[in-house]
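A.B. asks: Keeping their order, the protein sequence lines are chains A and B. 117 is the number that UniProt numbering gives to position 117 of the first sequence; each next residue is one higher, with no gaps. 18 is the number that UniProt numbering gives to position 18 of the second sequence; each next residue is one higher, with no gaps.
The set of hints was computed from the structure by calculation and includes no laboratory data. Computed from a prediction, not measured in an experiment: that's the story for all the values here. Note that beta-carbon positions come from the ideal geometry of N, C-alpha and C, so glycine has one too. Please note that the accuracy of each hint is not assured.
Calculated Cβ distances over 12 Å to all of chain B for the following chain A residues [as the list claims (entries may be wrong)]:
1) N5
2) F22
3) K39
4) K40
5) T62
6) V96
7) H111
8) P124
9) E139
10) T143
11) E148
12) E153
13) V162
Below, simulated DSBU-like cross-link-like pairs (lysine-lysine); rule was C-alpha separation at most 30 Å, straight line [said to hold, decoys possible]:
14) B/K152 - B/K106
15) A/K155 - B/K57
16) A/K123 - A/K166
17) A/K281 - B/K242
18) A/K103 - B/K224
19) A/K90 - B/K211
20) A/K136 - B/K249
21) B/K65 - B/K199
22) B/K221 - A/K103
23) B/K211 - A/K175
24) A/K26 - A/K4
25) A/K163 - B/K152
26) A/K189 - B/K163
27) B/K221 - A/K163
28) B/K250 - A/K136
29) A/K255 - B/K199
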Amino acid sequence: MIIKNVLIISDDDKDRLGELNFVAKKFSDNIDAIVFTNKKELEIDVKKAYGINNIPPNSIETILPLASKYDVILTNGTVGAHIGGILTLKLSASCVFGVSEIKYDEFIFSHSAYGDKAVIDYKPEHLPLVLILKEKYFEQLTTNQLMEIEWLECKKDNIEIVKEEKIEKEVELDKAKIVIGGGRGIGSKEGFAILERIAKLFGGVVGASRAAVDNGWISHQYQIGQSGAMLSASLYFAFGISGATQHLSGIKNVKCVVAINKDEEAPIFKRARYNIVADWKDFAMALINELEETNG
Amino acid sequence: MINIGVCIKAVPDYEVPAEKFYLQGNRMSGDYKYVLGLYDEHALEVGLQLRSKLESKLYAISYTKKEYVSTLKKALSMGADELIIIESSNDDPFQTAYNLANIIEKYNIEIVILGRVSSDLEREMVPPLVAGILNRIYLPYIVSISSESNGKSFLCVQQLDNKNLHLLIKEKFVASITDAPCNLPRIPNLKEIMKSKTKPLITEEEINFEKFNWAQELSAKIPKYEYINETLPNDDLSFTAKLLLENLKKEHCL
Chain A
1 MIIKNVLIIS
11 DDDKDRLGEL
21 NFVAKKFSDN
31 IDAIVFTNKK
41 ELEIDVKKAY
51 GINNIPPNSI
61 ETILPLASKY
71 DVILTNGTVG
81 AHIGGILTLK
91 LSASCVFGVS
101 EIKYDEFIFS
111 HSAYGDKAVI
121 DYKPEHLPLV
131 LILKEKYFEQ
141 LTTNQLMEIE
151 WLECKKDNIE
161 IVKEEKIEKE
171 VELDKAKIVI
181 GGGRGIGSKE
191 GFAILERIAK
201 LFGGVVGASR
211 AAVDNGWISH
221 QYQIGQSGAM
231 LSASLYFAFG
241 ISGATQHLSG
251 IKNVKCVVAI
261 NKDEEAPIFK
271 RARYNIVADW
281 KDFAMALINE
291 LEETNG
Chain B
1 MINIGVCIKA
11 VPDYEVPAEK
21 FYLQGNRMSG
31 DYKYVLGLYD
41 EHALEVGLQL
51 RSKLESKLYA
61 ISYTKKEYVS
71 TLKKALSMGA
81 DELIIIESSN
91 DDPFQTAYNL
101 ANIIEKYNIE
111 IVILGRVSSD
121 LEREMVPPLV
131 AGILNRIYLP
141 YIVSISSESN
151 GKSFLCVQQL
161 DNKNLHLLIK
171 EKFVASITDA
181 PCNLPRIPNL
191 KEIMKSKTKP
201 LITEEEINFE
211 KFNWAQELSA
221 KIPKYEYINE
231 TLPNDDLSFT
241 AKLLLENLKK
251 EHCL
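Chain A with its partners taken away, still in its complex shape (with noise of 0.2 Å):
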């Protein structure tokens, strides 16, 4: 198929306005960009950007007659989540959401399906293509090129904003480099008072699998996997952690996994680097000692 040209339409998040860019750029070199933000000026290697200072669901009604000029529209993340069905329909489209690998020349995108166990495998057989890729799994494209961008106005609000609350996050776990995560193992809060003195030790940040989040030991701020946060970590301990399915996709990215469990059958360790059978307690002291030795 030949693509003419490439709308990215995305939020003004630097990572993933760089994978968009990153794969339109595998399409064409005739690329253009609708993003909702509020800044003048956006780092973008495309030839147009187009702004709008609204929500997504304001803003169907303006991005459609532009949408309809292209023959890829690429979106992610909660932009994506808004817009990618109804333009799939208000277009007929061809469509692949939640794309996580694309093989270009063959024009075929895989989608992770039962919490990333299989790989599904799809080929639009028509244009216009509406795609939905999966955050981080795409390398990013950085660029210097700053971009002026012409603004486009909603014509009618449907929904109001009436209240924004920043949310301060105690922890940004998908961008931590060493991550201490607790499972069902660790049995209390204060089992996760012990990590966070090795998270400390380590500069690095305490993680949880969902049955530590749902027995309250910890804030569903802390939770890795399908339900969570996805790590792109270099180190990840799982302490006391089994290792569900819908936690492994969540550490996927990760480059070293040590697991820690009493249990040798525990399915953590098939996807760990480092496997210790013990107690996770009586080796969290052993590493806090060693730690601090070693730290003088």
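We have chain A already, so just place chain B on it with the hints.
C.D. replies: Below, chain B alone, put in the same frame as chain A:
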């Protein structure tokens, strides 16, 4: 009286280890039980909280294989008033969305709530497609919905990356629900379980809508990840810790 519809689905138990799955055609199979989708339980919880503050009726709706109906009855014991089943073995997201939209219109359902991913192989296609087919506003990443002016408008809290937006909406809408402590699903109590046995279970006919040519599904595979695995000695854990730290340094992980 406002009608609330929560779309639900049975999914493989999340706790099942990956090695218990195998592919049968392009779909997973294996020796595991099905459970009500976790995100769908959050969606039900949001629906039930809304119903408790508004004169309303809550329908749980599922486009599903017949064999999963007993699993889906959990929605009734959680508190749904009626369960509507559209029996089908099809999992095409467009067929699913068209059939759900058809029932939503037939039952005059004003507020439609879905779980974020569990209904369609984690593609997150069905919720926005239902909204698109119904020509309604679509709101993903919602954590709570409350009624304003006795159902004339609704306040939805949407959880985005680093902010919560409180959105006021005065028309029919479709929301997909993400998990948050405020919508932690309730555990059915004995009274509700007993009561659920007398609640209506309605079976509706599937309609075969014209196929939407969205993409050709080629094949599915279970990816093989090769991890070099090393079990460290565990008789002296101080030594284990020292050895581990040395190895991590050598491999530039620290």
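A.B. asks: Decide if the proposed pair is consistent with the structure: A/K136 and B/K249, CA atoms, cutoff 30 Å inclusive.
C.D. replies: 26 Å, holds
A.B. asks: Regarding the pair A/K123 and A/K166, is the alpha-carbon distance no greater than 30 Å?
C.D. replies: Not OK: A/K123 and A/K166 at ~40 Å, beyond 30 Å, violated.
A.B. asks: Verify the proposed pairing of A/K26 with A/K4, using a straight-line Cα cut of 30 Å.
C.D. replies: 12 Å, holds
A.B. asks: Taken at face value, is the distance from the CA of A/K163 to the CA of B/K221 at most 30 Å?
C.D. replies: 45 Å, violated
A.B. asks: Is the claim that A/V162 lies outside the interface with chain B correct, judged by CB distances over 12 Å?
C.D. replies: It is violated; A/V162 is separated from chain B by about 5 Å at its closest Cβ, not greater than 12 Å.
A.B. asks: Within a Cα-Cα threshold of 30 Å, do A/K155 and B/K57 meet the stated pairing?
C.D. replies: Cα-Cα ~35 Å, so violated.
A.B. asks: Does A/V96 really sit off the interface, with its C-beta more than 12 Å from all C-beta atoms of chain B?
C.D. replies: Label violated. Min Cβ-Cβ 5 Å, cutoff 12 Å.
A.B. asks: Are the Cα positions of A/K163 and B/K152 separated by 30 Å at most?
C.D. replies: 19 Å, holds
A.B. asks: Given the hint that B/K152 pairs with B/K106, test it: the Cα-Cα distance must not exceed 30 Å.
C.D. replies: Roughly 21 Å between the alpha carbons, so the hint for B/K152 and B/K106 holds.
A.B. asks: Per the stated criterion, does the least C-beta distance between A/N5 and chain B lie above 12 Å, as a non-interface residue requires?
C.D. replies: 20 Å, holds
A.B. asks: Just want to verify: A/P124 was marked as not at the interface with chain B; is every Cβ pair farther apart than 12 Å?
C.D. replies: Since the minimum Cβ distance to chain B is about 4 Å, A/P124 lies within 12 Å and the statement is violated.
A.B. asks: Between the alpha carbons of A/K90 and B/K211, is the straight-line distance 30 Å or under?
C.D. replies: 15 Å, holds
Of the numbered hints stated above, those contradicted by the structure are hints 6, 7, 8, 13, 15, 16, 23, 27, 29, listed in ascending order.
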